[in-house]
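S.K.: What follows is the residue order along each chain.
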Amino acid sequence: MANVVTNDMSIVIGGDAGQGVESSGAGFALSFARAGLHVFGLQDYRSRIRGGHNFYQIRLSEQQRLSHSNPVHLVLALTPETVDLHLDQLAEGGAVVFPDKFEIDPEPLKKRGVRLDALPLTRIAEEHGNRVMTNTAALGAAAGITEFPLTFMESVIRDNFAAKGEQVVDANLRVAEAAYKLARERYGADFRFKLAPVKGAPRRLLMNGNEALAMGALAGGCRFISAYPMTPATSVIEWLAAVPHEYGMVTKHSEDEIAAACMAIGASFAGARAMTATSGGGFSLMAEAMGLAGMTEVPLVIVEAQRGGPSTGLPTRTEQSDLLFVIHASQGEFPRIVTAPGTVEECFEAGWRAFNLAERYQCPVVVMTDTCLASSLRTVDADAIDFAAVEIDRGPTLTYEELNRLSDGYRRFQLTKTGVSPRAFPGHPRSVFASSSDEHDETGHITEENDNRRRMMRKRMGKLGEAEKEMRPPSLYGPEKADFTLVCWGSTYGPCKEAADEINEAGGSANVLQFSDLWPVPEEAAAAALGGCRRTVAVEQNYTSQLARLLRMTTGIQVDATLTKYDGRPFAPEEIVAGLEKEVASGHAA
Amino acid sequence: MVTRLDPKLFDATSEITWCAGCGDFAILKALKLALADLSIEPHQALVVSGIGCGSKLPDYMTINGYMTIHGRPLPVATAAKLANPDLHVIVVNGDGDSYGIGGNHFVQSCRRNPNITQIVENNQIYGLTKGQYSPTSDKGFVTTTSPDGAIELAFNPMSVALAAGATFIARAFAGEPKHLAQLIAEGIQHRGYALIDVLQPCVTFNRVNTYDWYRKRIYHLEDEAYNPADREVAWEKAHEWEERIPLGVLYRVDGLPTYEDQVPTLADGSPVSRIIELARNPRPQQYESLKDGFL
Amino acid sequence: MDYAEFLSEVQRDGSFGSREEAEALVVGVLMAMAEVLPTAQLDALASQLPVETMVYLRRTGSQPDPLFDSHLFLGWVVSTLDATGSRDKTVGGLDLTAAYSGEEAIRRMRCVFSALKRRLGPDQQRELVALLPEEVDTWFLNA
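Residue numbers (this note's numbering), protein chains in the order written: chain A, 1035 to 1624; chain B, 703 to 997; chain C, 39 to 181.
Rather than coming from a laboratory, the hints here were simulated on the basis of the structure. Be careful, since some hints might not be right.
Cross-link-like lysine-lysine pairs, in silico, BS3-like; alpha carbons within 27 Å at most [what the hints assert, rightly or not]:
1) A:K1503 x A:K1493
2) A:K1198 x B:K993
3) A:K1233 x B:K993
My request is simple: use the sequences and hints to build the entire structure.
M.R.: Below, the structure written as structure tokens:
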């Protein structure tokens, strides 16, 4: 057999919606994580409950991977359609596993050097359990073909189906075992791609960006979330609603996004750390509330998990096209902070850091992610989620002791050098105060007087200048000097990093400049970083290269080229590499 | 009504911008009196309003006040109460703010039963924007946006609240401030969502529904041996309008759990008390077990 | 004495354009008084005034509201003011002269109070002043 490749492959499980592709894909990914492998699990599904092609793509490696990758080595097809749809991704020496009752034309596969591994999957499922377990059979077969010990899959089956009772667990185990044995016997010996447990691997969590963000928020003291379900942000409130009651997390599934935002503002006004989570369409509804928070200087954390737009767009697909909207949303001018984590670990940190920023500057803070980062599963070192490193900093929020010492009338919007006023909440006798969305004076009472208006505008906007001082400069990955710099933000960091690694390994020269704090733009640092690059290519999942525009608007610097993708599918590293090659050849990237 | 605190505690020096003769003066006075009577001090209460003439009410009081955006005081107030259940939370807004743009939150609040009180300044017109018709304007009401007379049926807050499950529904008249103050106090004391719809003449822009117009129609349910626990009779009364308008508590049910009562995570603290504690003592170890779900 | 005479006095005093305007005002003031005065005083007042006013000086049953103040009193009177104004093309809605309605209402109210005082003895006037809400009593006194 041609050279065996161990622990470096991608598997796709594909089928119709309703066949359990997501849950079995996630379960499968977990078995590999438990075996010490690094996993990157990407979902692809449509906005429907039944029908239409769904797939789960799992990348396995002994190294940390921040992106999926497109040569796929094993396709588990639960429908005949799956074979056609993923044909082009299959690498030479790869295989397609499918129920033997499907009629698949072997020619196109043979041409690509891909095997057709038919197995009586449905029959095995029906014999040992029931037809619904066809996907379990497919996964068992996959383990067999790659000669990966079944025990890891078995442990996941036990955990996942425990709630359904022992009979269901046993049935699934029997199905998996039968399929495993048959597949290994028939096809295992001459399949080049193998998977084996990694000895001595540290404890790793398999989690997605939403879960990490929610966990970070909880650790940061958030105890109120109001939200309206919207893909791909829904799992933020769902995860927080499921944590044990002892934490005291109050969750409210509100009647709409306007209520969600207003509730978070109300809770924050009363003194809680409060947040909401939504996607672009929901954020559109929250625009007015953003202004309320900004004008009345109430800390507010909003998670905006972007998806394909405009309007209903591609509800289950990824994009990063809301950047300029989020930065400018709502009428008038007021300070806000916008930050975009690029990895699951960065999501955890953004979760708690957002609250510190919101309370230090008493303004809205928007944490931007996207479908890819929010829902792709990745193995993260358990130690990288470090609760001891979480800081809770409430800024100039007055403690009870400080309130007790207040002498003359408390002024909620007291003018200060930084523009940030000492903050009290309703409840203490010394700090009875008013807040108004109308223009107001230091006491919070309504006034349209022009001198006061000028002072208040300067006060509020001055906070932006203060916040800029602590906005992080873009971070550089790779060699300090390179021929190409991939400029990116959000989840695009993952495939950019992989692309740069590939380019450098192949003898080329590339590095990655990742922006995370996006508003206020740390202008000096941004200009210096961009200025030090030879050739910059902005890699973004949107049509208009919004980060590039933002950088030009603030620093005056225009990137040399742009590489855009707006088909709702996440960048694969190969696409970026190819895009760069085109750029070199023609001066246009994409 | 024996006043326990001095209502003047709630007075403020801000210039009141309401027109001479506006019914809001009576509502402001009645609210101060109700709070004083219940011995609720300014720092123990939070008045949340929307946008409109009447929504400026918190600006004219010494009390914790939050003048928010049009139609949205209810979600703000509901969450403030969840975050700190010790606050007495009162929503004050107009008929347009509550029954028009805020209609969704109004209906949801009726079935949600948060322990807050809502006073609606119902003048059947949009005053601040100078005289357009409102959700409670009668059909045929002529204004600049209804030059041929309002086409829709008037919104009926009494019947909508009853249908949506509200546990305390009352109606008052600004021309009877003492009765109004009593109803406000009852509403605040009621455990659950309390709606007090206040018929309140807009003397500048509404030349139809004047003090006299209301005076000719209103009558008191208390004077008729009325049982506010009877839902069927309440439904009938809720539809009385053209010739007779009932005032008083239309419907009430006591003893039902409030929304907050049923939130298990409020049992041992509130979002406000918890962050105060966590800021002092973060105890990061408490979260380690959450990792188990990802292994 | 004559109801018509009563109305002409008020009309002259206030320089109103029509008798109807004067009448609307008189009715408004009388109804406002019906909100604050006990039945006994209302009856006494009615006996001193033209018989046509009796219907307005009537209150249905209940005691006067002790919280009824000058704001509410004014409200009854402002409603009778003829609204002059037109469409506000710039911000929308109607531009009515609400700025002066308070002052104008007080001015007009005083015309009615003067006409009333001319028909009431000093004792009755004193009684009224004692029962009228704060500020309204001053308006009456200075009429």
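S.K.: For each hint, tell me whether it holds in the structure or not.
M.R.: Hints and how they fare:
1. A:K1503 x A:K1493: With Cα atoms ~16 Å apart, K1503 (chain A) and K1493 (chain A) stay inside 27 Å; holds.
2. A:K1198 x B:K993: Holds, at about 23 Å.
3. A:K1233 x B:K993: At roughly 21 Å apart (the allowed maximum being 27 Å), K993 (chain B) and K1233 (chain A) satisfy the hint.
When the structure is compared with the earlier hints, no violation turns up for any of them.
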